[in-house]
Amino acid sequence: MTAPLKPQSVGELAAHVSGRVVGNESVLINAVAELGSAGENEIAYVEDEKFFEAAKASRASCLIAPKEFVSLMNGAAPAFIEVAKPKLAFALIAEILHPQKRRQPFIHESAAIAKTADLDLTVFIGPHVSIGDRSRIGAGTRIEAGVTIGDHVSIGRDCVLHPGVVLYDNVTIGDGVILHAGVCVGADGFGYVRGDVSYHKFPQVGTVVIEDDVELGAYTCVDRAALGQTRIGRGTKLDNMVHVGHNCDIGERVVIAAQTGISGSVTIEDDCVIGGQVGFGDHIRVLSGAVIGSKAGILPGKIVRPGVWWGIPIQPLDEYKRLNAHLGHLPEMRKEIKDLKKQLEELRKKD
Amino acid sequence: MTAPLKPQSVGELAAHVSGRVVGNESVLINAVAELGSAGENEIAYVEDEKFFEAAKASRASCLIAPKEFVSLMNGAAPAFIEVAKPKLAFALIAEILHPQKRRQPFIHESAAIAKTADLDLTVFIGPHVSIGDRSRIGAGTRIEAGVTIGDHVSIGRDCVLHPGVVLYDNVTIGDGVILHAGVCVGADGFGYVRGDVSYHKFPQVGTVVIEDDVELGAYTCVDRAALGQTRIGRGTKLDNMVHVGHNCDIGERVVIAAQTGISGSVTIEDDCVIGGQVGFGDHIRVLSGAVIGSKAGILPGKIVRPGVWWGIPIQPLDEYKRLNAHLGHLPEMRKEIKDLKKQLEELRKKD
Amino acid sequence: MTAPLKPQSVGELAAHVSGRVVGNESVLINAVAELGSAGENEIAYVEDEKFFEAAKASRASCLIAPKEFVSLMNGAAPAFIEVAKPKLAFALIAEILHPQKRRQPFIHESAAIAKTADLDLTVFIGPHVSIGDRSRIGAGTRIEAGVTIGDHVSIGRDCVLHPGVVLYDNVTIGDGVILHAGVCVGADGFGYVRGDVSYHKFPQVGTVVIEDDVELGAYTCVDRAALGQTRIGRGTKLDNMVHVGHNCDIGERVVIAAQTGISGSVTIEDDCVIGGQVGFGDHIRVLSGAVIGSKAGILPGKIVRPGVWWGIPIQPLDEYKRLNAHLGHLPEMRKEIKDLKKQLEELRKKD
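Protein chains in written order, with the numbering used here: chain A, 16 to 366; chain B, 16 to 366; chain C, 16 to 366.
Some hints could be false.
[Said to hold, decoys possible] FRET-style restraints, in silico, Cβ to Cβ:
#1 Gly-210/B x Gly-26/A: 56 to 62 Å
#2 Gly-304/A x Leu-332/B: 31 to 37 Å
#3 Asp-211/C x Gly-26/A: 19 to 25 Å
It should be emphasised that the hints constitute simulated quantities derived from the structure, not laboratory data. Just so it is clear, CB atoms sit at the ideal spot from N, CA and C, and this is done for glycine as well.
Extracted from the complex, chain A is given alone in its bound form (with noise of 0.2 Å):
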């Protein structure tokens, strides 16, 4: 667990998520933890009804709840933060807590940096990066070891790049953006003509922007545009291993499990949720809103309707759950029909 900066008193971080303290607003925080395992001088929260009972046995020095929980409870911990949403306060309570890393402003002597590229004073740059002809990096920003950057890439400010992060040439990256380990945005797409005896590139020749404060997880794959651009919008968070295909247009504040493959030119609207493992075809349209299950396929060209969506091909999760139960009474029905066979047939014999 990284070392908290200071502890912060409950009175401190209360204010912070304008919350209401009962209790003792001195006692001292300094991590955040689990109901079960919170000792002293940790915070941990409740939300659910049903953890109420393993909360009254929480250790916590300080207790994150709703009302009900702490007028049914006073007394139980000895401070109790409270708020209506208690799970959101105790992240904006871990990000005082438990803050990313801070590097001071640093360049490894093992980093090959072009010398038109274009740093501001103030970033961190790891051992064995390298940085290509007229890159530019914002203020503040982390470059960890082993990220190589192509020619005339611009990175914004405050980002955070992992190891081994790869950007090609003439992408773009907004301002705080976070790319986990092995991140690789701009690699060619998939797309080939074919001749009379091989294939033949087509050209992917485009670019990539990756919008402010997206967060892509390890191994995820942004693929540069055919022609054109790829684009991932601003808030966007990709789990581990998603594929991004050339010229897909992802919107704000989209959710995407780890897995997940988008072929070409895909676009996904804003706020949508889609599950791990799914499988979407090219030139598919998901409109605002929609949540897509794990593991479901999308068929090529679809125009994918708010609301839940579920299985290969997708349906809307209702149908999906009905049919499934029909499914399942299959052998009940050969038998059935078997049945009337044979009883059909006794009734025609006795006519």
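Given chain A, put chains B and C in place with the hints provided.
Chains B and C only, in chain A's frame:
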């Protein structure tokens, strides 16, 4: 977008693809572009009739188009190149206007190269590369930053190894091969023998051969053979994050989309096309010319004949569609059976 | 193929696996090989009766075989090693003939090692490695080129970290662990809380523990716990590109094939076997001894009992097969219902 070498005239470009110029053959072109966004000095293509209207509205300086379109549209653009296969011509022209990045022969001072390695004088070796004992690299090959090449590796001419590629010991790479970021060739295959209390590694002491003109997408992994060799045939193209298990034999001009996983000892013959997220059990043989749809699953030992296949487990696409149509009738079938039972009951009572 | 240390006699090899020599025990062996391609001074194995014919034709200098084969075939090869489990004996003998690459203790001059790091004198550190503050590396461990190790990481004895491995801060690796190229341990788990306008990161401040004798395939990712720890138990083997989410607890001697994805807080107990491309929802518990087929999907919160499971969502394999068989009868069932309706109609008319 990569900068073009120098503008080319429509006449020069047409000659390159054996096309006929209609209009002004001295118009200069410096970039390929999409129909919709193309402007002055740019060239676009139109192949499908459904884009003829968009092509008429295009502001491209030159359009590559089939005969029927050119005769229809003479005058809509300053120049046309008339060819039978416009998309292919567009790809070939893009190769001229946007050639792959060239690097002058160079070895970065930070590269760690074994004394016994044998490098052609014309290679480019970027920063933080390491090359092991007795490895050999051919003329014109470009090794980008952070690539690791083991011992006794052979790499041909005119290859490009993008940042972070890892080649284990004893693997062989042909001529004109492109390996995108983080491609891993030669890691141990996944094979264990259960002993009394734990697993023992089945020997993974074979090799990998990647033939000429292969392109492998970012983080694609080709495992070494247990015994013998794993092979990727000439001109084959794999997308990002494809897994190729030990002892697989992938033929020539095979195309495999992203995130497909291929278990050990699978053979895929020449000219097959495989979608994304497909899963192969071990010891499968896919016969030349088969096409397997995305997300399909193929059981171990299966022989897949030419034709189009779909589903889990795979079926011929026609059968899959038929079965899916029947599935949609399940609710109705259950109702019909109920009705039949009721009617039969009534008939019996009458009896 | 890796060069063997030195030839061994059949007698020495037999002693190592407690096997009985039939034939000439002084025959020298220098490599393992497949039945079909084995030649002089090579050893192959035959276990299954269906390969007895191939074994008879083998030109191997020694065959490892079960009693029934040896008694049948005396004389077919210069020497036999008779054992109850030939494949296991073959694996054990391969460990002797093809030992893992040994590296002399060495630290490459390009490695960037924090002053506060604590390295055993016998470690091998390749080029372009970086090791953070207060990290500790045990005796005989081999760190290949381009590996990045964060702060306060603990690595045991006799491990191999292949090129490009990334270990985030505060993770713990046991003894005898093999991490293939690009394995990523300790990246942030995927957890966010939706605020009024955007997502906030749920704290990802826990750790990861990888126990002794674990092997992880290329680009496999094991995320750090939100709070608490993510664990991979002793002797467990994961293939390439497996995703293990935050707070997962994977037991001992578990085997997981390539591209499987495991969501947060999943428990997989000892001795389970999981196929490739399987998807796990969160908070699943897989009980010891369960086997889950490739491409299966398991819904969140599910408890998976011992036995063989298949499909999306998973069912016991027997039920899955039965249901699939019924599915195949759907077209026929529809026809039967139609016939029944017609016959019933006729009966009624007669009435």
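The hints, checked one at a time:
no., hint, verdict
1, Gly-210/B x Gly-26/A: 56 to 62 Å, "holds, 60 Å"
2, Gly-304/A x Leu-332/B: 31 to 37 Å, "holds, 33 Å"
3, Asp-211/C x Gly-26/A: 19 to 25 Å, "holds, 24 Å"
Going down the numbered hints, you'll see the structure goes against none, and every one checks out.
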